[in-house]
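K.L.:
Here the protein sequences line up with chains A and B, keeping their order. Under this note's numbering, the first sequence is numbered contiguously, ending at residue 485. Under this note's numbering, the second sequence is numbered contiguously, ending at residue 485.
It is possible that some hints are incorrect.
The list treats identical chains as one, so a pair stands whether inside a single copy or across any two.
Taking lysine-lysine pairs in the BS3-like style, the calculated list, with each CA pair at most 27 angstroms apart, reads [stated by the list, open to error]: (1) LYS320 with LYS451; (2) LYS55 with LYS65; (3) LYS291 with LYS55; (4) LYS245 with LYS40; (5) LYS377 with LYS255; (6) LYS284 with LYS205; (7) LYS422 with LYS65.
Think of the hints as simulated: they come from the structure by calculation, not from any bench.
One letter stands for each residue in the lines below.
2 protein chains.
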Amino acid sequence: MILEDNKSDKGITAKKNENFDEWYLQLVTKSDLFDYGPLKGTMAMKPDSYEIWEKIQDVFNSMIKESGHRNAYFPLLIPESLLKTEKEHFEGFTPEVFWVTHAGDNETSERLAIRPTSETIIYHFMSKWIRSWRDLPLLLNQWVNVLRAEIKMTKPFHRTSEFLWQEGHTAHATQEDAEKEVALTLGYYKKLAEEYLAVPVITGKKSEKEKFAGAVYTTTIEGMMPDGKALQMGTSHYLGQNFAKPFDVAFLNEKEEKAYAHTTSWGVSTRLIGGMLMVHGDDKGLVLPPKVAPTQVVIVPIFKTDNESIVMQRANEIKKALDSSGIRTRIDSRNTYSPGWKFNEWEMKGVPIRIELGNKEVQENKITYARRDSGEKATCTTDDAIKTIANALEEVQKALFENAKRLLESKTIKVSDYGEFKKKIEEKAGFVIAYWCEEDECEEKIKDETKATTRVIKEDTNASSQKCIYCGKEAKKIAYFARAY
Amino acid sequence: MILEDNKSDKGITAKKNENFDEWYLQLVTKSDLFDYGPLKGTMAMKPDSYEIWEKIQDVFNSMIKESGHRNAYFPLLIPESLLKTEKEHFEGFTPEVFWVTHAGDNETSERLAIRPTSETIIYHFMSKWIRSWRDLPLLLNQWVNVLRAEIKMTKPFHRTSEFLWQEGHTAHATQEDAEKEVALTLGYYKKLAEEYLAVPVITGKKSEKEKFAGAVYTTTIEGMMPDGKALQMGTSHYLGQNFAKPFDVAFLNEKEEKAYAHTTSWGVSTRLIGGMLMVHGDDKGLVLPPKVAPTQVVIVPIFKTDNESIVMQRANEIKKALDSSGIRTRIDSRNTYSPGWKFNEWEMKGVPIRIELGNKEVQENKITYARRDSGEKATCTTDDAIKTIANALEEVQKALFENAKRLLESKTIKVSDYGEFKKKIEEKAGFVIAYWCEEDECEEKIKDETKATTRVIKEDTNASSQKCIYCGKEAKKIAYFARAY
Numbered sequence: 001m002i003l004e005d006n007k008s009d010k011g012i013t014a015k016k017n018e019n020f021d022e023w024y025l026q027l028v029t030k031s032d033l034f035d036y037g038p039l040k041g042t043m044a045m046k047p048d049s050y051e052i053w054e055k056i057q058d059v060f061n062s063m064i065k066e067s068g069h070r071n072a073y074f075p076l077l078i079p080e081s082l083l084k085t086e087k088e089h090f091e092g093f094t095p096e097v098f099w100v101t102h103a104g105d106n107e108t109s110e111r112l113a114i115r116p117t118s119e120t121i122i123y124h125f126m127s128k129w130i131r132s133w134r135d136l137p138l139l140l141n142q143w144v145n146v147l148r149a150e151i152k153m154t155k156p157f158h159r160t161s162e163f164l165w166q167e168g169h170t171a172h173a174t175q176e177d178a179e180k181e182v183a184l185t186l187g188y189y190k191k192l193a194e195e196y197l198a199v200p201v202i203t204g205k206k207s208e209k210e211k212f213a214g215a216v217y218t219t220t221i222e223g224m225m226p227d228g229k230a231l232q233m234g235t236s237h238y239l240g241q242n243f244a245k246p247f248d249v250a251f252l253n254e255k256e257e258k259a260y261a262h263t264t265s266w267g268v269s270t271r272l273i274g275g276m277l278m279v280h281g282d283d284k285g286l287v288l289p290p291k292v293a294p295t296q297v298v299i300v301p302i303f304k305t306d307n308e309s310i311v312m313q314r315a316n317e318i319k320k321a322l323d324s325s326g327i328r329t330r331i332d333s334r335n336t337y338s339p340g341w342k343f344n345e346w347e348m349k350g351v352p353i354r355i356e357l358g359n360k361e362v363q364e365n366k367i368t369y370a371r372r373d374s375g376e377k378a379t380c381t382t383d384d385a386i387k388t389i390a391n392a393l394e395e396v397q398k399a400l401f402e403n404a405k406r407l408l409e410s411k412t413i414k415v416s417d418y419g420e421f422k423k424k425i426e427e428k429a430g431f432v433i434a435y436w437c438e439e440d441e442c443e444e445k446i447k448d449e450t451k452a453t454t455r456v457i458k459e460d461t462n463a464s465s466q467k468c469i470y471c472g473k474e475a476k477k478i479a480y481f482a483r484a485y
Numbered sequence: 001m002i003l004e005d006n007k008s009d010k011g012i013t014a015k016k017n018e019n020f021d022e023w024y025l026q027l028v029t030k031s032d033l034f035d036y037g038p039l040k041g042t043m044a045m046k047p048d049s050y051e052i053w054e055k056i057q058d059v060f061n062s063m064i065k066e067s068g069h070r071n072a073y074f075p076l077l078i079p080e081s082l083l084k085t086e087k088e089h090f091e092g093f094t095p096e097v098f099w100v101t102h103a104g105d106n107e108t109s110e111r112l113a114i115r116p117t118s119e120t121i122i123y124h125f126m127s128k129w130i131r132s133w134r135d136l137p138l139l140l141n142q143w144v145n146v147l148r149a150e151i152k153m154t155k156p157f158h159r160t161s162e163f164l165w166q167e168g169h170t171a172h173a174t175q176e177d178a179e180k181e182v183a184l185t186l187g188y189y190k191k192l193a194e195e196y197l198a199v200p201v202i203t204g205k206k207s208e209k210e211k212f213a214g215a216v217y218t219t220t221i222e223g224m225m226p227d228g229k230a231l232q233m234g235t236s237h238y239l240g241q242n243f244a245k246p247f248d249v250a251f252l253n254e255k256e257e258k259a260y261a262h263t264t265s266w267g268v269s270t271r272l273i274g275g276m277l278m279v280h281g282d283d284k285g286l287v288l289p290p291k292v293a294p295t296q297v298v299i300v301p302i303f304k305t306d307n308e309s310i311v312m313q314r315a316n317e318i319k320k321a322l323d324s325s326g327i328r329t330r331i332d333s334r335n336t337y338s339p340g341w342k343f344n345e346w347e348m349k350g351v352p353i354r355i356e357l358g359n360k361e362v363q364e365n366k367i368t369y370a371r372r373d374s375g376e377k378a379t380c381t382t383d384d385a386i387k388t389i390a391n392a393l394e395e396v397q398k399a400l401f402e403n404a405k406r407l408l409e410s411k412t413i414k415v416s417d418y419g420e421f422k423k424k425i426e427e428k429a430g431f432v433i434a435y436w437c438e439e440d441e442c443e444e445k446i447k448d449e450t451k452a453t454t455r456v457i458k459e460d461t462n463a464s465s466q467k468c469i470y471c472g473k474e475a476k477k478i479a480y481f482a483r484a485y
């Protein structure tokens, strides 16, 4: 029995440019990436999304290991007394902490927080591990699950009560070294987002109101989604000695004097996947950047009566050739589905290149291939297949980034009048850039009135000759405002 | 300031063959692998142990991916109602479950278990994901943290309240397919233990009393530690339809009839690291098998007045050559420590090969190298370095396995008299093999009287002509008894 007729059931019924939220929910479920767990806001990452996460891990691990960082593992459960050590931090996270109160039948001696982030537990260890300037810098990272009870609406990969992330935690002898680390890792995040996920980002500092609870300052990479909302895709924090002092992360310097370390922390999460999916997907399904796609090329043999063995032989030859040059290739040889059904399925799954192989191709020693992003079809000789497909994958990667860059540019505008500001935010215009006096009060009023927050703050040499978009007083900075996920 | 004098502080003060438990505790802490967390039984894996875990992950991932398994991620928190679905399973795990009762300030609507293992939550998803025979087999795995409140004495890597593991969960159309899967993955575990960790294991089934809560049967790999205790290093379970029925993991077969899947689960944990450390370590510190050692070769330059740049140049050349042939090499160029201090440190950390490089070596175009396992020193020409070191690494790997095999053999004996049985167990003789009637009662009495449990049960064609070691009735099986971790 060959199945061909259930396309309507499997396809996405919402349009990306008409009903974006519904489109996204169908996208991640129908493409087999995501499922909600029985507890509100928890998720299962199905193999295709987890494999994207594994690719992200590989890329990021090679970046951080190159510069001397090492992975480690720290406990999931943080005693409440430890979480309370830094006051601002505790107040920032406590509303969303899951609390363990029992082990088996016994009440625990104090409440145990499931890590919402690991600064406190890691500093507990750092204070024991660091003794001398010789132990610095200490450059650690871990890949773990973290939990934050989500009271707002959840969204697959973007906002779930449990998610996966990496969290880097480093200790340095000087402020200068620590600030270099913050910039280095933010640079890694930008590279990861742009060169691998094909999502351009803007970078800069967060405002005081938007920074990490306990940080001196927070830097961020922010992407722009097709619905005009900003997405914070990664943050890197300079924590100064705010944690080092209460946790006694101290060392003897070269003069044998006690000094406190300067620390940093930085993280990206499975939210990266969500941003990438939103930006590139279309009404047919996922469109995956080749560099992180689990399957880069799918070969669909077109079986007719009596040609199965010869077509499969050719398919295997081509797969072997592509595999050997590092192109992740699979053959869809299932004989219970028609070619058209398979085309739809692999389009839904966003495989960058599809190769069609039938009698004609075998006889003429060629392949027909189609790009997922543009739908373009072309042919080449079997001999040229490796080179042609490798080029096509590079072109897809590049085209996705260029498209996303055009999206970002078309959704970034500068305004100088608050009426226009409100109108643009209301129209979902994206990043609305404006001068700002840097006062919390203006930021809060803008948020109350428009739901837009400051996403990135930048220095601007002209600021002092400009007026704050809200209060009209002298501007201090230029700010990217947007509604955000 | 050059440090040379704190050897006594850093070295292990207990002897492996005199005070094994104390030796092991010093081993894992002084070699910088492990630290206890603030909550009893929780652990931090420091970078060197985590990197061993990463190597184990790489090896095992390539095995399971080759045979079509895929990694995924499932929620940490399991609602109590779901955990209760399979009665035996719930009763087996509930005494050691950590319970979440609050999210922020709000009580949760039911208690949430932190996963002690993930069968129940994964079957919740499988029942949704599997609809047709086309969806089978479903071959999933996840690399995650699990928690089991430890009331017994904890031991680094062997028994901690939180640990890392992989758990494979598969669903098949037939019993035959599922049982093949159980055997396949147990074979992977044996290969991982023997060929990579250099720890020989015996394999077989667990008794009814010792099997996994909810399984039809459990298979195991068991290693032998130098103190005569057995270590369960990995298990693979055939679960039959015990979970599939209550969780409705069902499918329409080719005749369009509803059928229940046959499921399996299998796991190895960070305990593998503990077993490996115990077996190979010595009084100087760790002895790491080259295949999983984070650093395989350390080059220690011997600086004299004015030779630093020339020695470092040669060291860099050798490192580059070794790196390029895939040998993980580092140079210890710190000038705040003496060569002797560094030798001790790298011996403590178990690096398989140390290269010494001084004036003499540079002038004569040679290297001096020492094997960590045997202490043997030799020289070779610089030109031969890659080949010689690669061979030496292979020899170390092989020698560690052979030594461990001798240990296992010397600690495996067969007895036919219960008096001798008790004596051998008391003497910590290791695996004591005996015929057994397969009755729970004998097994329990032996455990009560000797603290030995059945580790592995094997079929034996002569069993029916033999007598049970305890009750003297007709034997059914041959059993490996031992005290165990």
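K.L.:
Does each hint fit the structure? Answer for all of them.
P.N.:
Results of checking the hints against the structure:
1. LYS320 with LYS451: Classified as neither: same-chain Cα gap 53 angstroms, cross-chain 56 angstroms, threshold 27 angstroms.
2. LYS55 with LYS65: both (15 angstroms within a copy, 15 angstroms between copies)
3. LYS291 with LYS55: both (8 angstroms within a copy, 23 angstroms between copies)
4. LYS245 with LYS40: This pair counts as between: shortest inter-copy Cα distance 25 angstroms, intra-copy 38 angstroms.
5. LYS377 with LYS255: neither (69 angstroms within a copy, 39 angstroms between copies)
6. LYS284 with LYS205: neither (37 angstroms within a copy, 49 angstroms between copies)
7. LYS422 with LYS65: neither (45 angstroms within a copy, 52 angstroms between copies)
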